[in-house]
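Trainee: Throw the hints in and build the complete structure from the sequences for me.
2 protein chains.
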Amino acid sequence: MKIKVIKGGVCAPKGFKANGIHCGIRKNKIKKDFALIVSEVRASAAGVYTSNLVKGAPVVVTKRNLENGYAQAIICNSGNANTCNADGIAVAEDMCALVKSVSGIDATDVIVASTGVIGQKLDITPMREGINELWNGLGDNSDNAAEAIMTTDTVKKSISVEFVIDGKKCRMGAIAKGVGMVCPNMATNLIFLTSDVAITPEMLQKALSADVKSSFNMISVDGDQSTNDTCCIMANGLAGNEVIAAAGRQFNAFKKALNFCTVYLSKMIAKDGEGATKLIECNVYGAKCLRSARVIAKTVIKSSLVKAAMFGSDANWGRVLCAIGYAGEAVDVDAIDVDFLSRAGEIAVCRGGKGVDFSEETAKKVLSEDEITININLNIGNGNATAWGCDLTYDYVKINGDYRT
Amino acid sequence: MKIKVIKGGVCAPKGFKANGIHCGIRKNKIKKDFALIVSEVRASAAGVYTSNLVKGAPVVVTKRNLENGYAQAIICNSGNANTCNADGIAVAEDMCALVKSVSGIDATDVIVASTGVIGQKLDITPMREGINELWNGLGDNSDNAAEAIMTTDTVKKSISVEFVIDGKKCRMGAIAKGVGMVCPNMATNLIFLTSDVAITPEMLQKALSADVKSSFNMISVDGDQSTNDTCCIMANGLAGNEVIAAAGRQFNAFKKALNFCTVYLSKMIAKDGEGATKLIECNVYGAKCLRSARVIAKTVIKSSLVKAAMFGSDANWGRVLCAIGYAGEAVDVDAIDVDFLSRAGEIAVCRGGKGVDFSEETAKKVLSEDEITININLNIGNGNATAWGCDLTYDYVKINGDYRT
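Chains U and E supply the protein sequences, listed in that same order.
Count along the first sequence from 1, add 1, and you get the number used in the numbering used here.
Count along the second sequence from 1, add 1, and you get the number used in the numbering used here.
Derived from the structure by calculation, the hints contain no laboratory data.
Even glycine gets a Cβ: it sits at the ideal position worked out from N, Cα and C.
Treat the hints with care, since some could be wrong.
Simulated restraints on C-beta separations [said to hold, decoys possible]:
no. : chain 1 : residue 1 : chain 2 : residue 2 : range
1   : E       : G382      : U       : R292      : 28 to 38 Å
2   : U       : D141      : E       : T278      : 42 to 52 Å
3   : U       : A336      : E       : V6        : 47 to 57 Å
4   : E       : K365      : U       : S52       : 25 to 35 Å
5   : U       : S52       : E       : T278      : 24 to 34 Å
6   : U       : K366      : E       : A345      : 43 to 53 Å
7   : E       : V6        : U       : A211      : 52 to 62 Å
8   : E       : V244      : U       : R352      : 48 to 58 Å
9   : U       : S52       : E       : S102      : 53 to 63 Å
Mentor: What follows is the structure, given as structure tokens:
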């Protein structure tokens, strides 16, 4: 199956419009803070959410609204997470009601999300005053929505693709924000996907739940997991393919398109990690099993010392071995091979758990690129996995040392 | 029981001598890199070690040497961890043999430790050439030994105390280095304790194993666990008390003195965490059980976001709640209370899982001190625990971004 990257973001699929405006939640008037995505028709919908026990009120409301498997709109604000507030649920419900007030869409068919600081009351007033402007501006404005959900993100994160199922052209689009599924409370990960594929809510949820295990759940920026992480997809069926209601070739094509979009965004999110200067990809080969490979890849990506070494372009492979050693998974230390790669070349640094001679000059060149790959072969089984992260920099400390005040 | 702080470090107990010199493992000639601690007589000995699967060669040799429960000397170098080297075990054994060559002490009665970079061959030559100077300088030189085991430590870490068991004056001394039991590979945690109490190897090991759970295992600087962490104690019996061979009042007195020393050093280690400007103490009260309290306290202390907020003196309590929420332990979010304290005052920031109004000015004052306490009451049980950590700073990134090269 061919996947072609096209323009349009969440508005690329048939029947989707979007917009984003500054309504006044943020004091900075240049920064958009209020986003809306709407489908012409009611769509199959699915979601995955943070596993943090402290959950944002919008997560609770969205979960409830998606219980029946359908939705027609997504509303989202940045600047305030609406979490740990006494009236949080009521405010999240009010946000859904605002969508109804302008569109007639049932409030329970609305996906609601918020991102920003925790524990400060979210005032509905700016949104109430801005909802007409937001609604009236709906159109082919995916970029406005992508911008409105950003917090410390430095780039807009968007992708859209075209693919064919049973001779019918189908499309999928997505916008995202944040710095990891396992991520800081202020840099909550939000991913909104749209598609015009016809698929049942059950199969849509199945595809999404399986996909995040190898995409968004394999990113880490700092090991902190947000209270508001949300990844939702709406598929409205306007592509006209036969409804996908079971596993098979069509479902596989859909999953492939989905994974293309989610992995693309995962890498974008990791690369834009708070303060990051480099994308780090860690491939683990030959682990005992898939699960074990994932745990080890993620542990390496999360290590503050590995991250700091990457920042310094320092081929300190001992830190990689150290992280493998405390991952809690069975490994044979004397069988581990490690290589560093980038577009500038590659170097073998460890064979059979022991250091091998390498040119420090070449190492520095390889590690000075802005996309680094760490290849680990455990040589004990068939489990392979990839995780994405970023380096640890002065700017991470700066951004997080004084965010709230 | 009264515990009196006295001078002397590891040489405070009867029959112990120490020394530390620069032998040439490090290029910096001002920095001592070779340490020796010797007891006049063979001593009961016990140890606890890293649980990292990648273990330094000295850890393997020390474990083996302590299997019989006795030791008489500790030899340690800094500047090289002797880990992931093909000839590592042989070099660690050679270090023990060097002690024998000057002292006659059986090589299997020697505790050996190394700290520094991983995966570079450790040359025995400088130590072979320096062992006579090290041995000849043995005396009341605990500070020299404490200095010789330091790596990125900015202060020497030492404590010694006097206490009474059954009318006999007893002493305990200790030196330590590193930034946490869960810590970076270059900042391996090493703790060497000496005592003149008479106690069997079995009871000594029992006391040490229980103690570290509430002391060194409750520190975190960056969540990375070293390959070389080692905590060893020798107790030579010269205080003349009746040998402690079972639980009871005497054993409790010994445990109390031990805990005094280990908690003191734990706080020192956390406060001197790489790049740290503040000691953070997290007390968890009212957890489901002790284990759960420990996990939650440790999770909060380890959160990069909490640590960065403390660096910025930012009362961002949402990050504390967020960390509690992903600790993986049962909590009732709506019952959680959080307070920040320091010698400048205290502020309540969260009651029943919701924010309470507080003066930002007072908060800034409280959090600008160099020792901060975070009190969390989960209000669901009787489990209490304390963990120690530090803030996350620019200097942490600097120190670890370019350590090896």
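Trainee: Against this structure, judge whether each hint is valid.
Mentor: Here is how each hint holds up against the structure:
{"no.": "1", "hint": "E:G382 - U:R292: 28 to 38 Å", "in the structure": "holds, 32 Å"}
{"no.": "2", "hint": "U:D141 - E:T278: 42 to 52 Å", "in the structure": "holds, 50 Å"}
{"no.": "3", "hint": "U:A336 - E:V6: 47 to 57 Å", "in the structure": "holds, 49 Å"}
{"no.": "4", "hint": "E:K365 - U:S52: 25 to 35 Å", "in the structure": "holds, 33 Å"}
{"no.": "5", "hint": "U:S52 - E:T278: 24 to 34 Å", "in the structure": "holds, 33 Å"}
{"no.": "6", "hint": "U:K366 - E:A345: 43 to 53 Å", "in the structure": "holds, 50 Å"}
{"no.": "7", "hint": "E:V6 - U:A211: 52 to 62 Å", "in the structure": "holds, 60 Å"}
{"no.": "8", "hint": "E:V244 - U:R352: 48 to 58 Å", "in the structure": "holds, 51 Å"}
{"no.": "9", "hint": "U:S52 - E:S102: 53 to 63 Å", "in the structure": "holds, 58 Å"}
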